[in-house]
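Asker: In case you want the letters, here they are:
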Amino acid sequence: GESVGLHLPTLSVQEGDNSIINCAYSNSASDYFIWYKQESGKGPQFIIDIRSNMDKRQGQRVTVLLNKTVKHLSLQIAATQPGDSAVYFCAENTGSSYKLIFGSGTRLLVRP
Amino acid sequence: SQTIHQWPATLVQPVGSPLSLECTVEGTSNPNLYWYRQAAGRGLQLLFYSVGIGQISSEVPQNLSASRPQDRQFILSSKKLLLSDSGFYLCAWRWDVTEAFFGQGTRLTVV
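For the record, the sequence lines run as chains A and B.
Going letter by letter, the first sequence gives residues 1 to 112 in our numbering.
Going letter by letter, the second sequence gives residues 1001 to 1111 in our numbering.
Okay, chain A solo, but in the shape it has when bound:
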């Protein structure tokens, strides 16, 4: 759902470890999901997407998992690097419109 008014939680990981960022969505009719990375002062950048007819999709060092039963989405980053430090957002497209709604973000901090 809307992320307005929520402070960003922080995930701190050691460089080289795997990171898992979670997102809960509210609309069971949502059919398309996107993960974005946002660095300070910049617009969000696309990382990976997944449609509701899939439960897993892999990219370079990233994997997105979708559990429609519990309306949960996760982003796994393998071998986390300092350059991965940023705020990560999930976004959902509601099935009946072209609305693209962002979830509450997570700040990822990578410790050297």
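Hints may be right or wrong, so weigh each one.
[What the hints assert, rightly or not] Calculated lysine-lysine pairs in the BS3-like style (CA-CA distance at most 30 Å, straight line):
1. A:Lys71 x A:Lys99
2. A:Lys56 x A:Lys68
3. B:Lys1080 x A:Lys71
4. B:Lys1079 x A:Lys99
5. A:Lys42 x A:Lys99
6. B:Lys1080 x A:Lys42
7. A:Lys71 x A:Lys56
8. A:Lys99 x A:Lys68
9. B:Lys1080 x A:Lys56
These aren't lab readings, by the way, just hints derived from the structure by calculation.
Following the hints, position chain B against chain A.
Answerer: Leaving out everything else, chain B in the frame of chain A:
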């Protein structure tokens, strides 16, 4: 290739003054266009989206309005700014139900 332009990058405006932020997309036609606002340290709030010229869907009723006078132009306006209008405004475009591409944003400070 497609590009999206937002301007200005930063803006300081007094309370009660008007606002006009412009977003232009190049290299594509008939995109879906979006305006979001982001408060400091917060998430993205969808303000408006448009699926065609003159078609505007409003998500947050307030003193902001949007217009799409041309296929690849999306404008965010206000007649009288409030302090609470301060934030980072982001424009985005996409085709149908695909990933959205964002501009670099406008940081608005209302004083």
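Asker: With reference to the structure, classify each hint as holding or not holding.
Answerer: Here is how each hint holds up against the structure:
1. Annotation: proposed proximity of Lys71 (chain A) to Lys99 (chain A) holds, straight-line Cα distance about 18 Å (limit 30 Å).
2. At roughly 11 Å between alpha-carbon atoms, Lys56 (chain A) and Lys68 (chain A) fall within 30 Å of each other, so this suggested pair holds.
3. Between Lys1080 (chain B) and Lys71 (chain A) the CA atoms are separated by roughly 40 Å; this puts the pair beyond 30 Å, and the hint is violated.
4. Distance restraint check for Lys1079 (chain B) and Lys99 (chain A): the Cα-Cα separation of roughly 26 Å lies within the 30 Å cut-off, and the hinted pair is therefore satisfied.
5. Our distance criterion of 30 Å between C-alpha atoms is met by Lys42 (chain A) and Lys99 (chain A), whose separation comes to about 22 Å.
6. Proximity of Lys1080 (chain B) to Lys42 (chain A) is assessed by CA-CA distance (about 26 Å); at most 30 Å being required, the pair is judged to hold.
7. Annotation: proposed proximity of Lys71 (chain A) to Lys56 (chain A) holds, straight-line Cα distance about 14 Å (limit 30 Å).
8. For a cut-off of 30 Å, the pair hint linking Lys99 (chain A) to Lys68 (chain A) stands: about 19 Å separates their Cα positions.
9. For a cut-off of 30 Å, the pair hint linking Lys1080 (chain B) to Lys56 (chain A) is broken: about 47 Å separates their Cα positions.
Taken one by one, the earlier hints fail for this structure at numbers 3, 9, listed in ascending order.
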